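**Q** Sequence:
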Amino acid sequence: MLNPNLDRNALAARYRKDGRVRIENVLDPTVAERIRSCCVNDVPYEFLFHVDGKNVAISAQEMNGLDLAQRKELQQNMISAASDGVGFFYCGYKMTRMKDAASGNLAFLHSVFDYLNSDEMLALASEVTGRDDLKSADAQFTRYTSGHFLTRHQDDVSTEMRRLAYVLSLSKGWHPDWGGLLQFFEDDGTPRDAWLPTFNAMALFDVRHVHSVTFVTPFAKEPRYSLTGWFRAMA
6 MLNPNLDRNA
16 LAARYRKDGR
26 VRIENVLDPT
36 VAERIRSCCV
46 NDVPYEFLFH
56 VDGKNVAISA
66 QEMNGLDLAQ
76 RKELQQNMIS
86 AASDGVGFFY
96 CGYKMTRMKD
106 AASGNLAFLH
116 SVFDYLNSDE
126 MLALASEVTG
136 RDDLKSADAQ
146 FTRYTSGHFL
156 TRHQDDVSTE
166 MRRLAYVLSL
176 SKGWHPDWGG
186 LLQFFEDDGT
196 PRDAWLPTFN
206 AMALFDVRHV
216 HSVTFVTPFA
226 KEPRYSLTGW
236 FRAMA
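Residue numbers (the working numbering): 6 to 240.
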């Protein structure tokens with residue numbers, strides 16, 4: 006699956022400067038195109054959000070079953086939490102869901118999940134970052150549409166042994182005015198720079214980096230698709 010022409014030494018040199026790197030054309034283009042197509046057409050996304058101090062996942066059917074008053078209350082609660090810098094709202098499909106029942110294109114997507122844990126992918130992450138403790142990866146496919154966001158945070162959770170975060174972008178022709186940028190910050194909250202979703206590019210960064218996904222605007226022409234997760238120091 007990996008692009009065989011990656012310059013790993015150059016990528017490692019870029020990572021050493023700041024603990025982050027963007028790997029352009031990371032996958033074989035045919036594979037990347039198929040993953041994108043499946044994300045657009047086949048993934049049974051859930052709605053994921055933070056409300057009342059809890060992370061919640063509900064199906065599209067459950068979301069559609071909420072009446073107007075329930076939707077309004079949910080939105081107000083999410084906005085209230087997000088205004089204090091805590092929260093997220095987007096659609097996702099986690100690698101742990103329905104694996105045994107997956108068939109067709111969903112089975113292919115689960116093979117992508119498995120590939121993230123392959124020796125080849127773990128070796129790439131190790132070579133680029135200089136880490137020798139990477140044992141596994143987890144993942145979810147995500148879809149951000151108008152009004153979706155992920156507030157500023159770090160991914161460093163000691164009990165989960167996360168070492169590297171990654172975001173494989175599957176969007177095409179993304180315009181920076183649409184939002185959905187991977188925004189980085191200084192530890193005190195001062196904005197640094199932002200990375201545009203670029204098709205078949207993997208952002209790879211130390212979990213101690215403070216980052217967010219900026220609010221997706223109503224005039225974004227398509228959803229922001231990605232495969233995202235962490236490389237961990239445990240099997």
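Treat the hints with caution; some may be incorrect.
To be verified - Straight-line distance between alpha carbons at most 16 Å, and here's what the computed EDC-like set of lysine to aspartate or glutamate pairs gives: (1) K99 / D143; (2) K59 / D12; (3) K226 / D211; (4) K22 / E165; (5) K22 / D143; (6) K99 / D119; (7) K140 / E165; (8) K77 / D57; (9) K99 / D47; (10) K22 / D211; (11) K177 / D89; (12) K140 / D124.
Just so you know, these hints were derived from the structure itself, not from any lab. No experiment lies behind these values; they were computed from the predicted model shown.
**Q** Run every hint past the structure and note whether it holds.
**A** Structure-based check of all given hints:
As the CA atoms of K99 and D143 are separated by approximately 9 Å, the hinted pair is consistent with the 16 Å bound. For the suggested pair K59 and D12, the alpha carbons sit about 42 Å apart, so the restraint of at most 16 Å is broken. Proximity of K226 to D211 is assessed by CA-CA distance (about 31 Å); at most 16 Å being required, the pair is judged violated. Taking the CA atoms of K22 and E165, the gap is about 26 Å. The hint is violated against a cut of 16 Å.
Between K22 and D143 the alpha-carbon distance is near 26 Å, which puts this suggested pair outside the 16 Å criterion. About 12 Å separates the Cα atoms of K99 and D119, which keeps this hinted pair within 16 Å; it holds. For the proposed pair K140 and E165, the alpha carbon gap of about 12 Å is at most 16 Å, so the pair holds. With a CA separation close to 14 Å, the supplied pair K77 and D57 stays within the 16 Å bound.
The suggested pairing of K99 with D47 holds, with an alpha-carbon distance near 14 Å, which does not exceed 16 Å. Straight-line distance between C-alpha atoms of K22 and D211 comes to about 12 Å, which keeps the hinted pair within the 16 Å bound. Straight-line distance between C-alpha atoms of K177 and D89 comes to about 32 Å, which puts the hinted pair past the 16 Å bound. Our distance criterion of 16 Å between C-alpha atoms is met by K140 and D124, whose separation comes to about 9 Å.
Taken one by one, the earlier hints fail for this structure at numbers 2, 3, 4, 5, 11, listed in ascending order.
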